[in-house]
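Student: The lines below spell out each chain.
Protein chains: 2
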Amino acid sequence: MFPNLLSSLALIACGIVLSIQLIAAQTNEPANDWKSAPSNQGGKEYPQVNSEGRVKFRIVAPKAESVGVSFRDSSPFTKGADGAWIGYTRPLDEGFHYYTLNIDGAEVPDPNSLFFYGAGRWGSAVEIPARDRDFYALKNVPHGQLREIWYFSESSNTNRHAFVYTPPEYDKSRKRYPALYLQHGAGEDETGWGQQGHAGWILDNLLAEEKTRPFIIVMEFGGNPFAGGPRPTNSPPAATSGTGTNNAAAPGRPRFNFNFSAFEHVLVDDLIPYIDANFRTIADQPHRAMAGLSMGGMQTRTITLAHLDKFSHIGVFSGGSIGLTNITDMPAFKKKAKLVFVSYGSKENGAAAAKANVQALKEAGINSVYYESPDTAHEWQSWRRSLHEFAPLLFRN
Amino acid sequence: MFPNLLSSLALIACGIVLSIQLIAAQTNEPANDWKSAPSNQGGKEYPQVNSEGRVKFRIVAPKAESVGVSFRDSSPFTKGADGAWIGYTRPLDEGFHYYTLNIDGAEVPDPNSLFFYGAGRWGSAVEIPARDRDFYALKNVPHGQLREIWYFSESSNTNRHAFVYTPPEYDKSRKRYPALYLQHGAGEDETGWGQQGHAGWILDNLLAEEKTRPFIIVMEFGGNPFAGGPRPTNSPPAATSGTGTNNAAAPGRPRFNFNFSAFEHVLVDDLIPYIDANFRTIADQPHRAMAGLSMGGMQTRTITLAHLDKFSHIGVFSGGSIGLTNITDMPAFKKKAKLVFVSYGSKENGAAAAKANVQALKEAGINSVYYESPDTAHEWQSWRRSLHEFAPLLFRN
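Chains A and B are the protein sequences, given in the same order. Just so you know, we're using my numbering here: the first sequence kicks off at 1 and counts up by one. Just so you know, we're using my numbering here: the second sequence kicks off at 1 and counts up by one.
Chain A on its own, in the form it takes in the complex (with noise of 0.2 Å):
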């Protein structure tokens, strides 16, 4: 009796919270300059973001007893005679953010969105325009092409998929580039920094300043690391499904592998092969980067430590740092790493212990960068901004 009263007693509380939120969302009426999200199909009116940064969804579903989307603490969904269902956000912070809409129980996207991958699937996203979203517009500059390629990985035996950014300059000189191999997080897939990154975009801005020096940009996949969950689509079986520590998860949650090994033969004995022959890199390790966010980020710990051959340039992205402790032999990882940089939302947690190794590296005598976007969390704001900081110190000496 004693712990279902007590279960009550929660439920209760629970009921309490609930309900003064639901009053908070009444009695805070949003800001009525909705405007169509650029994240919208063409033509698409809704969804619509104000200036609070709040989403508000038009879903037409005449028969639906309930609509409800994925964001926390939204308002609840209330139905037109018109039988669309209208519903908002709370303030959301800058940026793109995955969501799902809720029809009656089933999880579905939201046929007015663009679709991205993430969250282990093809759905859904919004994006709240940025105060300094200019870094990443399309504007009227020399552009790169952003190039889909197919290759033959051995150490897989499979055909692997990629995407290859080329600066503006490339096809018409006969120059040979710097190359940065770019990581998606979990979840993600090679899509995602061509996408909803925007790399291409953030590289042509930059090279129009002149505040970069032009380089090649790979984006593989670097892996599903939901242990028997899905794979990005169009993808090869993903290159982590080996033998693997998987980390403890709670019940219902998903696994993640994030054994990094068949992923490291994949773009050591691979791909980077195949760009160097393919495509005109300055093929040695002065001119080679390796960065990722998130799970990207612990790959290019990982791997840029074990193959100092070949990255002098490292970059994490809310995807931990790199410690003394993980240094084996100074000496040789200062001659070789000609840039440590590391980045986290101001929102994220790990943030400070990212800064405070980063502070220990420089002590130790590395060229180590720390970036904190302001405002912003484990999202791609983030990660665009963190790219837009980390390009113009690559290859600079």
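Watch out, some of these pointers could steer you wrong.
[Stated by the list, open to error] If the Cβ cut is set under 8 Å, some of the chain B residues that face chain A in the computed set are:
hint, residue
1, K63
2, I103
3, G105
4, A106
5, V108
6, P111
7, L114
8, W122
9, W150
10, S153
11, N159
If you're looking for bench data, these hints aren't it; they were derived computationally from the structure. None of these values were measured; they are calculated from a predicted model. Ideal Cβ positions, reconstructed from N, Cα and C, are used throughout, including at glycine.
Knowing the structure of chain A, use the given hints to seat chain B on it.
Tutor: Positioned in the frame of chain A, the structure of chain B alone reads:
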């Protein structure tokens, strides 16, 4: 009273027809050899396809009252104890079909399928594996690149988006190549040929078998003919949004705007010069082709006939044909048009008339070829096959 009686009789007749169809569907149990469709998102078990070409859907929607799919004559969806709805289609033609789910009146994409741009939106589609799918399969052969490009169009004052396929040898050679300008259909966009059309793999495979000459393919957005309707994603405003002749259409049906002059300007004044300046093309009339499917075929006819100084090879897939009456100056046409290729799916209206027109052109001394895709309608399997037949005939003379 009398019209009402007629209506009632008609409704009863419809009911009888519907009942017969339902009985037929119920008594003809589908073959139980379901396999996950190749168009599914990675790791998704459903939709499944059986040997009859039926598609079986499984949609988790525990609180829904009704679930359906846009394929006509599908079985009624039924809900299992697990909250998942199961339903299946009639046998469909081989190849690629767009569809939409309906959950309690909401038209939404299937969260299990990959998403494609067609029918005026990004949404679901399913692939029924075709007997001849080998010609557009991903193989371990040298692959060309599908390059996403952005360029500024003076004639439309917009940043425009296109895709360019370059053959496998392109980057390693210093040769120049012919170019094919290849257009999508109405309600589709510049992504169609590269994604659902598999244009790249078709060319890669033909080249590996030495069945075609290498050439580049340029795929641009040819405009959205749905006047006032949606326009494709990531694209500039529709090139055809200017004044034009709206085809008469029944109320409630989309009105088409088939004035191609804005796109004609973009293509001739902006895109071709950009491609010739930025890719290693053989920039002359004998080495430039244009083709398209459906609306893209109509554009091809209109634009090539108006610009025979620019195009020598013409392909019209499921988009009408070129009749003797379309040609105002036969000696000039004979001199300049090196190939007129016309194709249809065997299930399409228009096939017979097109075949007769091709025969008339042949008799007038024009190198004209008719191709009919067996057992397909106005869909991508007809157009994949058409490209596969058309490519080997290009730039031979």
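Student: Each of the hints needs a verdict: does it hold here or not?
Tutor: Hint check:
no.	hint	in the structure
1	K63	holds (4 Å)
2	I103	holds (5 Å)
3	G105	holds (4 Å)
4	A106	holds (4 Å)
5	V108	holds (4 Å)
6	P111	holds (5 Å)
7	L114	holds (5 Å)
8	W122	holds (6 Å)
9	W150	holds (4 Å)
10	S153	violated (10 Å)
11	N159	holds (5 Å)
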